[in-house]
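Novice: What follows is the residue order along each chain.
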Amino acid sequence: MTNLPLSLTINGHRHDLEVDPRVTLLDLLRERLELTGTKKGCDRGQCGACTVLVDGKRINSCLALAVSHDGADVLTIEGVAHGHDLHPVQAAFIAHDGFQCGFCTPGQIMSTLGLIAEGQAGDDPERIREGMSGNLCRCAAYGGIIEAVLEARENLARNNSEKTERRTAA
Amino acid sequence: MRDFDYIRPSTISDAIAAAAEPGSAYLAGGTNLLDLMKGGVASPERIVDITRLPELNRIERLADGGLRIGALVRNADLAHDEAFAKAYPAVAEALLSGASAQLRNAATVGGNLLQRTRCSYFYDTASACNRREPGSGCDALGGENRLHAVLGWSEACIATHPSDFCVPLVALDAVVEIEGREGRRHVTLEEFHRLPGDAPQRENALEAGDLIVAVRLPAEAASFAGNARYLKVRERTSYAFAVVSAAAALIVDGGKIRAARLALGGVAAKPWRARSAEAVLLGAEANEATFASAADAALADATPSGDNAFKIELARRIVVRALMSAQAGTPARMPALPASPFFSLPGARHDA
Ligand SMILES: Cc1cc2nc3c(=O)[nH]c(=O)nc-3n(C[C@H](O)[C@H](O)[C@H](O)COP(=O)(O)OP(=O)(O)OC[C@H]3O[C@@H](n4cnc5c(N)ncnc54)[C@H](O)[C@@H]3O)c2cc1C
Ligand code: SF4
Ligand code: FES
Ligand code: FES
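For the protein sequence lines, the chains are B and U, in the order given.
When the letters of the first sequence are read in order and numbered with the numbering used here, they come out as residues 4 to 173.
When the letters of the second sequence are read in order and numbered with the numbering used here, they come out as residues 515 to 866.
These are computed hints drawn from the structure, not numbers from a lab.
Check the hints yourself; a few may be wrong.
Derived CB-CB ranges, DEER-like [what the hints assert, rightly or not]:
no., chain 1, residue 1, chain 2, residue 2, range
1, B, R161, U, E696, 57 to 63 Å
2, U, A806, B, A94, 50 to 56 Å
3, U, A531, B, D126, 49 to 55 Å
4, B, E165, U, R632, 34 to 40 Å
5, U, R560, B, R169, 51 to 57 Å
6, B, A94, U, M515, 36 to 42 Å
7, B, D58, U, R560, 22 to 28 Å
With a straight-line cut-off of 27 Å between C-alpha atoms, the simulated DSS-like cross-links for lysine-lysine are [claimed, not checked]:
no., chain 1, residue 1, chain 2, residue 2
8, U, K600, U, K770
9, B, K166, B, K60
10, U, K552, B, K60
11, B, K43, B, K60
12, B, K43, U, K552
13, B, K60, U, K770
Covered stretches of chain U, going by a simulated chain B footprint (3 or more residues, C-beta under 8 Å) [what the hints assert, rightly or not]:
no., stretch
14, 561-572
15, 609-623
16, 842-853
Predicted model, so just to flag it, every value in this text is computed and none were measured.
Beta carbons are placed, not taken as given, at the ideal position from N, Cα and C, and that holds for glycine.
Work out the full structure: start from the sequences and follow the hints.
Specialist: This is the structure we're talking about:
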């Protein structure tokens, strides 16, 4: 099969590519574009290591054909921080020791961003557990994640209201 | 993964014409198809990507008060649609109990109906499997089969249908809207999936090229909104397929059951509508004794297919629990762990 044209915006940059239709979004990110922050764990939708946001929603990039996502806006872990300033979700994970191993953490951070955007990061820890249950690790290092998610949600809400205040003040 | 042609038609009729060619497969969310292709269980020569087809991603209210859900509506979007969740809370609960948030964001209504069985021998291409390769035998029959079917199975296949979504749908008389080379037709979900018989490879009512365009829920189904639950027993409280599940919906008037709907998941090759149990419930007193008789009726024809006799008793208990939970009232809010039988909220009322 010949390669097919594909255009994606990844972390704010537009990429015009030609890809084999068999290539998954995960393999495209890692192998072609060298964005290796997104991890390949199970490659079958079972672990969440490959979680990225596509048009603002979290999905498993291992079960997504790249060509099927032509025109999409993709956010990976590489696009989360602002230069050297960590994103509030990343900062909260550090503050609460929510980091897992290198395999699991990028997916956890992306999944947290998705969870907060979906409005599902309420105060009930059970709801957060369920919302984060698509990210599995082998060693059960989930200790600080709930606190990290809660703090990240609050910091983001605060940042947003400060931004609105600044805008209304200006 | 083998090489395939990839096409992305822009009209429904082009999609149907392309998919009618042998060796073709539709691609929607891809969460089941790609998984099967990676394992070599499916190896289509042509992928017909339907994700850009117009008008299949809408939720529409019909003139008769029913709801028409486009085949490309994502499972998460449907479950979080307020009007939908209010009218059909047990369906929303089933959707949110399935897979993970990431998968629900990708999975579509049509794809969920058509997901293949999770029988591990079906997935393992080194095993004999009549469903994957007709005539090759069934390694599950004498194998590791504690999760296999207890109702409607045959010597040819003892697999179960894995969908959660389909269980309350079949209870509520959902209808599948199909477009094929000869136009549009409607098939009830109850008739859509087939029992294995001697041809387990024929899983549903679709012919070559047929496209699911929508699923319809009749207006009448919304009258159960105040007393409807979906309960699911799984090996973890979230992100796992059902061992057994049940959707129950009641209308109770002066202590008597005026209408009842019941369906089971994880027990057969199709979402199992328990009509014999509904007959027991209708007109009877709404109490635990009635629910136990209904559960007995639902499982009266069940036979173990190997190591899974426990499922029959488990299903009985889940039926009773689901009916009690439905009687107590649909929770006012979606439970934190949707469909978990460990989180019943007695008396919490849905403000339908
Ligand atoms: C790890 C994991 C856990 C899961 N857990 C659960 C669970 O607990 N409960 C549950 O219910 N499901 C579960 N699922 C299954 C998931 O819900 C399905 O994979 C999903 O619903 C399929 O939808 P899709 O749009 O991705 O379908 P696809 O993978 O795109 O398609 C599936 C099949 O349907 C066909 N198809 C798709 N759309 C149409 C159409 N409109 N007309 C005709 N044919 C069509 C395709 O050709 C293909 O054969 C799980 C999946 C994974 C990977
Ligand atoms: S139970 Fe059905 S799907 Fe499983 S191995 Fe036997 S024939 Fe195949
Ligand atoms: S690598 Fe995609 S879910 Fe595991
Ligand atoms: S943190 Fe990665 S396996 Fe546990």
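Novice: Assess, step by step, whether the Cα of B/K166 is no farther than 27 Å from the Cα of B/K60, and give holds or violated.
Specialist: holds, 23 Å
Novice: Look at the Cβ atoms of B/D58 and U/R560 and judge whether their distance stays inside 22 to 28 Å.
Specialist: holds, 26 Å
Novice: With a cut-off of 8 Å between beta carbons, are at least three residues of the stretch 842-853 of chain U near chain B?
Specialist: The restraint on the stretch 842-853 of chain U holds, since 3 of its residues have a Cβ under 8 Å from chain B and three suffice.
Novice: Against the range 51 to 57 Å, how does the distance between the Cβ atoms of U/R560 and B/R169 compare: consistent or not?
Specialist: holds, 54 Å
Novice: Could you grab the alpha-carbon distance between B/K60 and U/K770 and see if it respects the 27 Å cut-off?
Specialist: violated, 45 Å
Novice: Indicate whether the distance between the beta carbons of U/A531 and B/D126 respects the range 49 to 55 Å.
Specialist: holds, 52 Å
Novice: Assess, step by step, whether the Cα of U/K600 is no farther than 27 Å from the Cα of U/K770, and give holds or violated.
Specialist: holds, 24 Å
Novice: At the C-beta level, are B/E165 and U/R632 separated by a distance inside 34 to 40 Å?
Specialist: Given about 48 Å between the Cβ atoms, the range is violated.
Novice: Taking beta carbons only, do three or more residues of the stretch 561-572 of chain U come closer than 8 Å to chain B?
Specialist: Three-residue rule met by the stretch 561-572 of chain U, so holds; n is 3.
Novice: Lying within 36 to 42 Å: is that true of the beta-carbon distance B/A94 to U/M515?
Specialist: holds, 40 Å
Novice: Below or equal to 27 Å on CA atoms is what counts here, so check B/K43 against B/K60.
Specialist: holds, 19 Å
Novice: Could you say whether the range 57 to 63 Å given as a hint is met by the Cβ separation of B/R161 and U/E696?
Specialist: holds, 59 Å
Consistency with the previously given hints fails for numbers 4, 13, ordered from lowest to highest.
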